[in-house]
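K.L.:
Whenever a hint applies, use it, and build me the whole structure from the sequences.
Note that the protein sequences, when read in sequence, are chains F and U.
When we follow the working numbering, the leftmost residue of the first sequence carries the number 1, and every step to the right adds one.
When we follow the working numbering, the leftmost residue of the second sequence carries the number 115, and every step to the right adds one.
Hints are computed from structural coordinates only; laboratory data are not their basis.
Hints are not guaranteed to be accurate.
Unchecked claim - With a Cα cut of at most 25 Å, we get these calculated DSS-like pairs of lysine-lysine:
| no. | chain 1 | residue 1 | chain 2 | residue 2 |
| --- | --- | --- | --- | --- |
| 1 | F | K36 | U | K172 |
| 2 | F | K40 | F | K71 |
| 3 | F | K41 | U | K163 |
| 4 | F | K9 | F | K36 |
| 5 | U | K175 | F | K41 |
| 6 | F | K40 | F | K19 |
| 7 | U | K172 | F | K71 |
| 8 | F | K67 | F | K36 |
| 9 | F | K41 | F | K71 |
| 10 | F | K71 | F | K52 |
| 11 | F | K71 | F | K22 |
| 12 | U | K172 | U | K183 |
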Amino acid sequence: DTAVSQTPKYLVTQMGNDKSIKCEQNLGHDTMYWYKQDSKKFLKIMFSYNNKELIINETVPNRFSPKSPDKAHLNLHINSLELGDSAVYFCASSQPNSVNTEAFFGQGTRLTVV
Amino acid sequence: AQSVSQHNHHVILSEAASLELGCNYSYGGTVNLFWYVQYPGQHLQLLLKYFSGDPLVKGIKGFEAEFIKSKFSFNLRKPSVQWSDTAEYFCAAARPGYSSASKIIFGSGTRLSIRP
Chain F
1 DTAVSQTPKY LVTQMGNDKS IKCEQNLGHD TMYWYKQDSK KFLKIMFSYN NKELIINETV
61 PNRFSPKSPD KAHLNLHINS LELGDSAVYF CASSQPNSVN TEAFFGQGTR LTVV
Chain U
115 AQSVSQHNHH VILSEAASLE LGCNYSYGGT VNLFWYVQYP GQHLQLLLKY FSGDPLVKGI
175 KGFEAEFIKS KFSFNLRKPS VQWSDTAEYF CAAARPGYSS ASKIIFGSGT RLSIRP
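P.N.:
This is the structure in structure tokens:
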């Protein structure tokens with residue numbers, strides 16, 4: 001039973017296209033995240049949603065638009081894709097409380113823009 | 115600003131050697147600390163975590179880490195590495211509670227290569 005699942009796992013597309021990545025978690029967590037991992041393996045947070053509300057937006061181009069239809073889903077839509085968007089995108093979820101902030105990660109989506 | 119630093123970018127060891135990967139964090143107040151591992155082509159998996167209590171934390175696969183508050187460090191150790199430990203290791207930190215500060219911030223990662 002996959003806790004955090006992302007689709008697709010691989011995505012190859014041309015510059016200028018619009019694409020979406022979907023994420024779902026079955027852990028009952030209130031908070032979901034998108035992270036970008038570049039070619040040097042550096043992981044950077046992009047967005048965080050808590051119960052469908054945006055709480056973190058880390059200087060991400062507005063071509064990237066997250067959407068959370070409910071607290072179990074956080075999708076990422078990217079407009080006008082650029083070569084520099086090529087990366088692995090990880091979805092994660094957590095249930096932060098006064099003690100615990102552990103996050104669970106999806107398998108990642110490897111996006112290649114050509 | 116909150117940050118996590120990993121100073122070893124690439125570590126190469128022989129099998130059975132001992133491992134220590136450095137991690138320093140810059141956070142005020144209470145902090146949760148994590149080590150995640152990413153095997154080639156795979157997603158991040160939690161190795162171990164520190165929330166409170168005993169500063170020596172034991173994780174999966176024989177890994178352990180020690181939280182030293184005075185040094186703002188959370189170094190990862192393993193007494194004897196195996197070839198299967200070849201992976202990227204990420205130290206991470208987050209502030210507990212519901213807020214934008216509870217985002218997990220990752221270090222830049224350390225690539226561990228084990229020679230058979």
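K.L.:
Against this structure, judge whether each hint is valid.
P.N.:
Outcome of the hint check:
Pair hint K36(F) plus K172(U) does not hold up; C-alpha atoms about 29 Å apart against a cutoff of 25 Å. The straight-line distance between the Cα atoms of K40(F) and K71(F) is roughly 31 Å, outside the 25 Å bound, and the hint therefore fails. Proposed proximity of K41(F) and K163(U) is supported: the alpha carbons are some 21 Å apart, at most 25 Å. Restraint check for K9(F) and K36(F): satisfied, since their Cα atoms lie roughly 14 Å apart, inside the 25 Å limit.
A hinted pair counts as satisfied when its Cα atoms are at most 25 Å apart, and K175(U) with K41(F) qualifies at roughly 23 Å. Simply put, K40(F) and K19(F) have alpha-carbon atoms about 23 Å apart, close enough for the 25 Å limit, and the pair holds. Between K172(U) and K71(F) the CA atoms are separated by roughly 32 Å; this puts the pair beyond 25 Å, and the hint is violated. Simply put, K67(F) and K36(F) have alpha-carbon atoms about 16 Å apart, close enough for the 25 Å limit, and the pair holds.
Distance check on the hinted pair: K41(F) and K71(F) sit about 28 Å apart at the alpha-carbon level, beyond 25 Å; violated. With a C-alpha separation of about 5 Å, the suggested pair K71(F) and K52(F) falls inside the 25 Å cut-off, and the hint holds. This hinted pair checks out: K71(F) and K22(F) have alpha carbons roughly 13 Å apart, not beyond 25 Å. Using a Cα cut-off of 25 Å, the hinted pair K172(U) and K183(U) holds, with the two alpha carbons roughly 17 Å apart.
Checked against the numbered hints given earlier, this structure breaks hints 1, 2, 7 and 9; the rest are met.
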